[in-house]
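Next come the chains, spelled out residue by residue.
There are 2 protein chains.
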Amino acid sequence: MRIAVFALLACGLCRGQATDECKPSSLNIPGAPYPCVHPDRSVTFRVSAPDAQKVQVRLGGAHDMTRGADGLWMATIPPQVIGFHYYSIVVDGAVIADPATRTFFGSGWDNSGIEIPEPEADAAYYSAKDVPHGQVSQRWYYSKVTGKWRRCYVYTPPDYETNSRARYPVLYLLHGWGENEQGWHTQGHVDLIMDNLIAAQKAKPMLIVMDNLNAVKPGEDASLYAARGIIARATMADVVPAGGGRGAPAGGRGAFPTNWGAVFTDMLFTDLIPMVERTYRVAPGRDNRAMAGLSMGGMQSFMTVLGNLDRFAYLGGFSGSSGGRGGFDPKTSNNGVFADADAFNKKMKVLFLGIGSVEGPGTKNFSEELTKAGIRNVYFESAGTAHEWLTWRRCLYDFAPRIFK
Amino acid sequence: MRIAVFALLACGLCRGQATDECKPSSLNIPGAPYPCVHPDRSVTFRVSAPDAQKVQVRLGGAHDMTRGADGLWMATIPPQVIGFHYYSIVVDGAVIADPATRTFFGSGWDNSGIEIPEPEADAAYYSAKDVPHGQVSQRWYYSKVTGKWRRCYVYTPPDYETNSRARYPVLYLLHGWGENEQGWHTQGHVDLIMDNLIAAQKAKPMLIVMDNLNAVKPGEDASLYAARGIIARATMADVVPAGGGRGAPAGGRGAFPTNWGAVFTDMLFTDLIPMVERTYRVAPGRDNRAMAGLSMGGMQSFMTVLGNLDRFAYLGGFSGSSGGRGGFDPKTSNNGVFADADAFNKKMKVLFLGIGSVEGPGTKNFSEELTKAGIRNVYFESAGTAHEWLTWRRCLYDFAPRIFK
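Going down the list, the sequences are from chains X and P.
Residue 1 is where the first sequence starts when you use the working numbering, and the numbers rise one by one after that.
Residue 1001 is where the second sequence starts when you use the working numbering, and the numbers rise one by one after that.
Any given hint might turn out to be false.
Below, computed lysine-lysine pairings styled on DSS-like, alpha-carbon distance capped at 27 Å [to be verified]:
#1 X:148 - P:1023
#2 P:1023 - X:129
#3 X:204 - X:148
Anything over 10 Å on all C-beta distances counts as not near chain P; from chain X, calculated [unchecked claim]:
#4 23
#5 42
#6 99
#7 100
#8 199
#9 218
#10 271
#11 283
#12 285
#13 337
#14 373
#15 375
#16 401
#17 402
For the record, the hints were derived by calculation from the structure and aren't laboratory data.
Values in this document were obtained by computation on a predicted structure and should not be read as measured data.
C-beta atoms are modelled at their ideal positions from N, C-alpha and C, and glycine is treated no differently.
Let's have the full structure, built from the sequences with the hints guiding it.
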């Protein structure tokens, strides 16, 4: 399943007009024939913009579209990496979502999305199959830390309703920058992945709690979402300077709130975990509690778990393992939690580092440094995928069977 | 709560540049200051489209926006009716969602939305309050009738998890044309409405099942979504003719599938109700089963329930009560189900007809004709609201306390 499949087949004919071989993306609105994906994974887009001067598709760079006599603009772009991609359309300078697709919350707004399909067999683990299905539930709760009502989603396994005396371990699972608590079940297919793993008896039935990384104290207006140029350009030029982008200097306008992470951890322990353990049939103690996240959510998971080993026994970073940048020192990094490798290994039952092979060597290097320092860890590489949801689906699929054993 | 509040205050100053008094819509993406709503319910929009020639807002008609030196287009439009409105932006002929708002599935695509707020006290019944909260769960199931996996959402009341021996009545609740199974909990706030009603002991704890109106037999590609011009214009001009709009002749390309409704009813009885009654702790029999829907979903509810009085004891049409158009004849309409008023009244415990006062007199006339024919019914009018979600929130708030008594 994890074999890189960049089949860059010659496909002259199928790059022009859409043909029967160009299959509408599974994320299109009902009935929309475009965008469609050719057998070589090149993609044809179409947008109606009769009076526009210039229209582009932005997906791994900007691609000019060509106007037809009917006012429909079209473009076929080169073969794409398999998996889920956010993308946008630019109509005379306006950065917008393609009205032909369902939208997906990423980069702080409801963007268009396209799924470049894997071979059907490879995608089976996140497809709806004839197995018992759990459910994903929306849950409101009040946070004392933020002074606001919050919404989380909770996956309960297929037997949760019927096995009414069982208690379940809990995985707290986080989205990435610019996304929200809906990412894991819309972009990530967490429910189908777990249903299939549980049916195959590869993973233990567990609850998965998906909350929103954004947590600020009352009166603060900082937001992780405000920290990027695209929102500035699209909607709020006078609120966020154009330079306020990912990785902007801490403390600057448009930068991440300086205390991001700390407030979330506080909210997690003060509000979220108590609500979950009061509301659901949860197995007690650190051995039944895991945390993982993707990208910024992985960084958050590392911060929270490494600072609170008395509360968690499992940790996963999916394209978001901290420590790989800026120098890792086993004696001092993360307040010295790695200094005594034996003590750490006794507490941390699974330390998981996942990454897409296209994302670079940082996570692999970090894993090797940990290993050198005597820290037991699992390194998982998703072949041929980028900093995107297919990497993270695969990470979850590999991580979930390892925990709560 | 239901008093019309069209306060058309003079507000010269607040119609130009956004001020502190122009409050961002609650449906905006995090941090976006526009669209914002002025105290007089006029609305200011802003879109970045530096190179466009013409930009408009479409909300109750098309409104030209004005380009500023910074490439930001702005418009302030006249006071709007309170409640939730879909709207779109037109950039040089491209009909798109405003990137500044969350999107909402309506008219077959992910459109932008704005909430023109009611006075806080009036909106309390669909606001998150410090009461026990139920949850809305996403549930996958396989349909033999359609040959496909389907997704529904199920509201379970706050005590469902803890009161583990209780069995609950079920309301099947449908969205309108061009919407989907997510409408009632995103646009409709079904969960908060029910949480508040149940906390106040005004409604009985019940399950609410929200499915998708679209149901076609295997091999058919008809879709209720394909039947409208906006999709044609935006994305699929060669699939749906421009004339294929709501109310287009049956059987024509782009028209509703001729058997819409019948397949859904078949699916409901064959697949959905059995799945629900197998999966949840459901109280048995027609006295514990209700069906309601808005607009086209109301028409569907009438079709299904009036044809199957042995299975339902409660029926609600929210802006979608059939019988009001094309002549009502108590002897023959709906296969003569109303012909024997006494027999009908014995079976149908609540027949509810709701409508927004701005929608015209059709439903009221129908209610009066029913009354004249001896058919007991409830007529509910939402003051000052249109064919939109605030009407339907209010309908649910009035309907839910009446059923399962």
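Each hint, compared with the structure:
1. X:148 - P:1023: Holds, at about 18 Å.
2. P:1023 - X:129: The given pair, whose Cα atoms are some 46 Å apart, is violated under the 27 Å limit.
3. X:204 - X:148: The hint is violated at about 34 Å.
4. 23: With a cut-off of 10 Å, residue 23 (chain X) remains clear of chain P, as the shortest Cβ separation is near 14 Å.
5. 42: Non-interface label stands for residue 42 (chain X): nearest chain P Cβ at 19 Å, farther than 10 Å.
6. 99: Given a closest Cβ separation of 4 Å, the condition is violated.
7. 100: 4 Å, violated
8. 199: 13 Å, holds
9. 218: At roughly 16 Å from the nearest Cβ of chain P, residue 218 (chain X) sits farther out than 10 Å, so the non-interface label holds.
10. 271: It holds; residue 271 (chain X) is separated from chain P by about 14 Å at its closest Cβ, greater than 10 Å.
11. 283: Non-interface label stands for residue 283 (chain X): nearest chain P Cβ at 16 Å, farther than 10 Å.
12. 285: Its Cβ never comes within 10 Å of chain P, the nearest being 21 Å, so this holds.
13. 337: 33 Å, holds
14. 373: 39 Å, holds
15. 375: Fine: 37 Å to the nearest Cβ keeps residue 375 (chain X) off the interface.
16. 401: At roughly 21 Å from the nearest Cβ of chain P, residue 401 (chain X) sits farther out than 10 Å, so the non-interface label holds.
17. 402: For residue 402 (chain X), whose nearest Cβ neighbour in chain P is about 25 Å away, the distance exceeds 10 Å, so it holds.
Hints 2, 3, 6 and 7, counting from the list given before, are not met by this structure.
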